[in-house]
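Chemist: Here the sequence shown is numbered in this note's numbering, starting from 63 and rising by one per residue.
Be aware that one or more of the hints could be misleading.
Said to hold, decoys possible - Cut-off 25 angstroms, straight-line C-alpha distance, at most; resulting in silico cross-link-like pairs (DSS-like, lysine-lysine):
no., residue 1, residue 2
1, K437, K329
2, K200, K153
3, K437, K510
4, K912, K816
5, K982, K880
6, K656, K571
7, K221, K153
8, K303, K197
9, K530, K716
10, K197, K927
11, K656, K600
12, K758, K739
Please keep in mind that the hints were generated in silico from the structure rather than gathered at the bench.
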Amino acid sequence: MKKLNKLFLFLLTLPSLVIAQELKLDSPIPMDPSVKVGKLKNGLTYYIRKNSKPENKVDLRLVINAGSILENDDQQGLAHFMEHMCFNGTKNFPKNELVDYLQSIGVKFGQHLNAYTSFDETVYFLPIPSNDPEKLEKGFQIIEDWAFNTTLTPEEIDKERGVVLEEYRIGLGADKRMMGKFMPKMMYNSHYAKRLPIGQKEILENFTYDKVVSFYKDWYRPNLMSVIVVGDIDVAEMEKKIISHFSSYKNPKNERPRIKFDVPNHKETFVAVESDPEAAFTQVQLLYKDYDEPKVVKTVGDMRDELAIGLFATMLNNRLEEKRNSPNPPFTFGYSYYGGTYAKTKKAFQSFAMVPQDKQLEALKLLVEENERVKAFGFTAGELERAKTEFLAQIEQQYNERDKTESENYVWEYQSNFLQNDPVPGIEWTYLTMQKLLPTVTLEETNKLINGYIKEDNRVVILTGPEKEGMVKPTEQEVLNSIKVDKSSITPYVDEAVAESLLRNPVKKGSIAKKETNDKIGTITLTLSNGAKVTYKKTDFKNDEILFEALSFGGSNLIGNDEFEKVQWAMNGLTEAGFSGMKLNDINKFMTGKIARVNPYVGGTQEGFRGSATPKDLEYLFQTVYAYFTDLNMDREAFESYKIKQNGFMANMKAMPTMYFQNELYTYLNQDNPRFKGILPDDAAWEKTDYELAYKKYKERFANAADFHFYFVGNIDEQKLEVFASQYLASLPSNGTTEKAVDLGYRMKKGDLKKVVKKGKDPKSTVNIMFYGDCSYDAKEALALRAAGEVLTIKLIEELRENESGVYGASARGSMSKVPYGSYNFTINFPCGPENAETLTQSALRELNKIIENGPEEKDVNKFKEAEKLDYKEKIKQNNYWMSYLTRSFTYAVSADEILQVEQKIDAVTAKDIQAVAKKYLSKDKVVAMLMPEE
Numbered sequence: 063m064k065k066l067n068k069l070f071l072f073l074l075t076l077p078s079l080v081i082a083q084e085l086k087l088d089s090p091i092p093m094d095p096s097v098k099v100g101k102l103k104n105g106l107t108y109y110i111r112k113n114s115k116p117e118n119k120v121d122l123r124l125v126i127n128a129g130s131i132l133e134n135d136d137q138q139g140l141a142h143f144m145e146h147m148c149f150n151g152t153k154n155f156p157k158n159e160l161v162d163y164l165q166s167i168g169v170k171f172g173q174h175l176n177a178y179t180s181f182d183e184t185v186y187f188l189p190i191p192s193n194d195p196e197k198l199e200k201g202f203q204i205i206e207d208w209a210f211n212t213t214l215t216p217e218e219i220d221k222e223r224g225v226v227l228e229e230y231r232i233g234l235g236a237d238k239r240m241m242g243k244f245m246p247k248m249m250y251n252s253h254y255a256k257r258l259p260i261g262q263k264e265i266l267e268n269f270t271y272d273k274v275v276s277f278y279k280d281w282y283r284p285n286l287m288s289v290i291v292v293g294d295i296d297v298a299e300m301e302k303k304i305i306s307h308f309s310s311y312k313n314p315k316n317e318r319p320r321i322k323f324d325v326p327n328h329k330e331t332f333v334a335v336e337s338d339p340e341a342a343f344t345q346v347q348l349l350y351k352d353y354d355e356p357k358v359v360k361t362v363g364d365m366r367d368e369l370a371i372g373l374f375a376t377m378l379n380n381r382l383e384e385k386r387n388s389p390n391p392p393f394t395f396g397y398s399y400y401g402g403t404y405a406k407t408k409k410a411f412q413s414f415a416m417v418p419q420d421k422q423l424e425a426l427k428l429l430v431e432e433n434e435r436v437k438a439f440g441f442t443a444g445e446l447e448r449a450k451t452e453f454l455a456q457i458e459q460q461y462n463e464r465d466k467t468e469s470e471n472y473v474w475e476y477q478s479n480f481l482q483n484d485p486v487p488g489i490e491w492t493y494l495t496m497q498k499l500l501p502t503v504t505l506e507e508t509n510k511l512i513n514g515y516i517k518e519d520n521r522v523v524i525l526t527g528p529e530k531e532g533m534v535k536p537t538e539q540e541v542l543n544s545i546k547v548d549k550s551s552i553t554p555y556v557d558e559a560v561a562e563s564l565l566r567n568p569v570k571k572g573s574i575a576k577k578e579t580n581d582k583i584g585t586i587t588l589t590l591s592n593g594a595k596v597t598y599k600k601t602d603f604k605n606d607e608i609l610f611e612a613l614s615f616g617g618s619n620l621i622g623n624d625e626f627e628k629v630q631w632a633m634n635g636l637t638e639a640g641f642s643g644m645k646l647n648d649i650n651k652f653m654t655g656k657i658a659r660v661n662p663y664v665g666g667t668q669e670g671f672r673g674s675a676t677p678k679d680l681e682y683l684f685q686t687v688y689a690y691f692t693d694l695n696m697d698r699e700a701f702e703s704y705k706i707k708q709n710g711f712m713a714n715m716k717a718m719p720t721m722y723f724q725n726e727l728y729t730y731l732n733q734d735n736p737r738f739k740g741i742l743p744d745d746a747a748w749e750k751t752d753y754e755l756a757y758k759k760y761k762e763r764f765a766n767a768a769d770f771h772f773y774f775v776g777n778i779d780e781q782k783l784e785v786f787a788s789q790y791l792a793s794l795p796s797n798g799t800t801e802k803a804v805d806l807g808y809r810m811k812k813g814d815l816k817k818v819v820k821k822g823k824d825p826k827s828t829v830n831i832m833f834y835g836d837c838s839y840d841a842k843e844a845l846a847l848r849a850a851g852e853v854l855t856i857k858l859i860e861e862l863r864e865n866e867s868g869v870y871g872a873s874a875r876g877s878m879s880k881v882p883y884g885s886y887n888f889t890i891n892f893p894c895g896p897e898n899a900e901t902l903t904q905s906a907l908r909e910l911n912k913i914i915e916n917g918p919e920e921k922d923v924n925k926f927k928e929a930e931k932l933d934y935k936e937k938i939k940q941n942n943y944w945m946s947y948l949t950r951s952f953t954y955a956v957s958a959d960e961i962l963q964v965e966q967k968i969d970a971v972t973a974k975d976i977q978a979v980a981k982k983y984l985s986k987d988k989v990v991a992m993l994m995p996e997e
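Kindly produce the complete structure, drawing on both the sequences and the hints.
Modeler: Here you go:
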């Protein structure tokens with residue numbers, strides 16, 4: 063890091079002109095040589111790259127440069143409908159055979175296999191195993207069928223109407239209603255305001271078959287397509303497959319032009335002040351739209367311009383973050399940036415803020431004032447230097463991971479290149495070029511950018527929020543007045559000095575008392591002189607990643623009921639005070655360019671930390687942990703700021719029907735639990751909050767390091783980690799005692815129960831079916847119960863979605879827990895129409911009963927196994943998966959070696975095992991909960 067900083071400072075001193083000339087700013091940005099880019103004679107573009115992360119897997123993607131923007135008036139919603147139809151019958155996979163086949167090889171529908179439709183594109187995702195030639199060939203057959211051979215039978219179209227209408231129903235609500243009102247102003251006089259991808263309900267219900275067929279024939283054509291192949295493959299072989307599968311197709315003789323749709327400029331400042339009784343959040347949005355179409359980034363000079371734009375946004379957002387952390391902040395969070403809108407033909411300088419319900423005008427004024435502050439006084443040299451350091455740290459991390467980059471990341475890059483002509487030079491070229499370009503970007507250049515952004519025309523202000531008694535909406539004139547700033551009252555930004563260290567007190571080094579090695583899974587466990595334990599595993603899964611967790615039994619269950627009520631909502635806000643005498647803003651400035659984060663928490667049965675760092679910044683992670691243990695600030699002003707932000711964020715969440723439903727349901731189920739006061743705090747809860755007591759309880763929870771086990775997984779320098787552990791962990795206070803997870807004895811209501819909650823004006827419902835209770839934890843049963851959830855999900859999709867067309871999605875999940883007591887939990891969830899809620903509930907329970915009475919079908923058990931094993935082969939090479947098993951070994955008092963037995967245990971699951979746990983746990987008491995609209 064020191065060498066890199068010296069290089070960076072050296073580059074800063076070089077004359078800008080010399081470096082610029084060396085790079086030749088008019089030189090084109092090259093294409094990454096690691097990707098094979100080609101175009102067939104019919105115009106289809108393809109990208110192929112060999113990448114072995116993850117191993118034995120390939121990501122196939124079909125990208126169509128056509129979306130809802132191209133629909134005729136009588137086709138609104140059919141671009142998206144067409145996307146659905148690609149999964150409902152093709153030449154080689156009739157009806158639902160495509161999903162059935164992919165599930166049989168471990169590809170989950172929705173999780174792995176998926177697609178989306180936007181205004182300007184439709185994209186299909188297909189990740190499949192690459193080490194089986196037959197599966198690979200089938201994968202290409204599938205994307206070929208999607209592109210050209212979807213059958214679109216009247217029977218399947220009519221069946222899918224119900225599914226798409228259910229997806230339409232899910233999107234109903236406050237956000238959609240308010241969006242329908244502000245979109246005509248945001249996208250003034252533009253086609254984009256009239257072509258939301260979900261479409262029009264009346265058209266989805268009544269369109270004739272030929273309308274979706276014509277959309278498919280018009281727009282699914284080779285010269286609007288790209289096939290992207292990235293994974294553990296042979297490039298030459300993949301190119302042959304693309305040529306074989308796609309080169310014979312022709313474009314229509316009289317093809318419709320793929321036109322671009324503009325967003326016309328306007329002289330006015332449009333104001334939209336929208337509210338809704340079900341709106342959960344209060345927001346402010348300000349857009350200054352460009353006059354012209356976006357500039358395509360083609361040359362090194364263009365890239366330099368983009369860097370300046372990024373540095374500008376970073377500096378401005380750093381200022382907004384400081385405002386957010388100030389006393390009595392006007393917003394929960396806020397940011398500004400220059401970038402795209404819904405239209406690919408229009409960019410804008412945009413500011414956004416989530417605000418307390420009574421501070422919309424105040425927040426809007428602050429956003430405008432900060433823009434004007436930059437316009438009047440610019441940024442400081444210190445701000446620019448920190449922004450450059452931040453950029454360099456981020457790009458360095460990407461560069462360090464260049465041989466460990468996931469295939470999916472490359473796929474997204476190539477998709478953007480195809481659709482937007484975004485450059486793809488590769489990380490090696492980008493890293494070296496950024497090192498040279500960054501020092502040439504001057505303060506004068508970044509300061510000037512604001513002049514091109516801020517204007518008094520082509521401007522849109524959007525305020526959205528809740529509508530309730532006693533709340534007065536701002537008027538349009540009040541909004542316009544708020545964006546007229548008294549420039550004479552604006553003063554320059556004051557750049558406070560950067561702290562020199564994260565710690566203010568000397569650290570008395572401890573030592574390592576014992577060192578143990580587990581050769582089976584490659585972990586080392588240290589017992590420190592204060593009794594704390596450290597387990598670490600060195601991996602090569604990522605070059606620039608070390609994950610961290612620390613656990614200790616205890617948690618808030620050791621706090622009495624009366625005190626718990628006073629501290630439960632305060633605990634998460636304690637870190638807002640900062641540590642070592644530094645405020646959050648001081649810490650953020652110090653950590654510029656350093657990639658290390660740590661978050662302490664106090665849960666129900668445990669307290670601990672979660673975090674991560676790059677190897678070079680690992681010491682800062684250790685120092686932060688030390689500071690959170692020993693030197694957390696007490697700052698009531700900072701806590702009051704936290705309360706304002708949290709209350710501003712959560713005050714109206716229960717206006718959302720789904721959130722209201724969850725609160726009512728769990729209040730009903732927890733009526734015998736004196737500690738349960740709702741899933742969200744209200745004004746009364748905040749009023750009872752005792753900050754000093756919360757601080758005291760936090761200090762109690764983190765007073766004894768001997769009761770903690772610290773875990774590290776990643777690219778670890780073992781010698782350094784052991785030095786840091788001795789320095790910063792072995793020196794932590796301890797008293798040698800240990801605590802256990804405590805079961806307070808409270809349980810949710812039991813019985814065969816039904817709870818109906820009525821909330822919301824839209825015709826939409828949610829069904830939750832719940833089975834839960836105490837049990838003696840058994841690892842084999844836990845796996846079988848999880849399998850039962852996965853198998854039932856397959857049947858729910860087949861029955862409720864494909865056969866009954868009654869839902870867009872449905873899921874079942876099963877699990878067991880061991881701490882603080884043995885318990886099981888099984889849930890079935892789906893949204894639907896109110897008129898179908900009872901019928902579909904019975905259908906879902908009928909599918910469950912089939913498993914209870916007859917056991918699951920063998921083919922569905924095999925689908926579960928294939929998917930689990932496919933996931934395991936990928937996860938076993940991920941740091942977070944190893945971390946989950948290490949921490950699980952602590953919580954459940956089991957061996958972490960179990961991570962090596964996962965495939966064996968999956969293979970051992972039988973249909974009889976699944977039937978047995980279903981019969982044992984899912985044929986007893988249950989809760990059927992329904993959210994229904996108000997009458």
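Chemist: Decide, hint by hint, whether the structure agrees.
Modeler: Hints versus structure:
About 22 angstroms separates the Cα atoms of K437 and K329, which keeps this hinted pair within 25 angstroms; it holds. Proposed proximity of K200 and K153 is supported: the alpha carbons are some 13 angstroms apart, at most 25 angstroms. Of the supplied pair hints, the one linking K437 and K510 holds, its CA atoms being roughly 8 angstroms apart against a limit of 25 angstroms. Annotation: proposed proximity of K912 to K816 holds, straight-line Cα distance about 22 angstroms (limit 25 angstroms).
Restraint check for K982 and K880: the C-alpha separation of about 18 angstroms stays at or below 25 angstroms, so the hint holds. Under the criterion of a C-alpha separation no larger than 25 angstroms, the hint pairing K656 with K571 is consistent with the structure, at around 24 angstroms. The suggested pairing of K221 with K153 holds, with an alpha-carbon distance near 18 angstroms, which does not exceed 25 angstroms. Taking the CA atoms of K303 and K197, the gap is about 13 angstroms. The hint holds against a cut of 25 angstroms.
Of the supplied pair hints, the one linking K530 and K716 holds, its CA atoms being roughly 12 angstroms apart against a limit of 25 angstroms. With a C-alpha separation of about 17 angstroms, the suggested pair K197 and K927 falls inside the 25 angstroms cut-off, and the hint holds. Under the criterion of a C-alpha separation no larger than 25 angstroms, the hint pairing K656 with K600 is consistent with the structure, at around 21 angstroms. A C-alpha spacing of about 22 angstroms is found between K758 and K739, which places the hinted pair at or below 25 angstroms, so the restraint holds.
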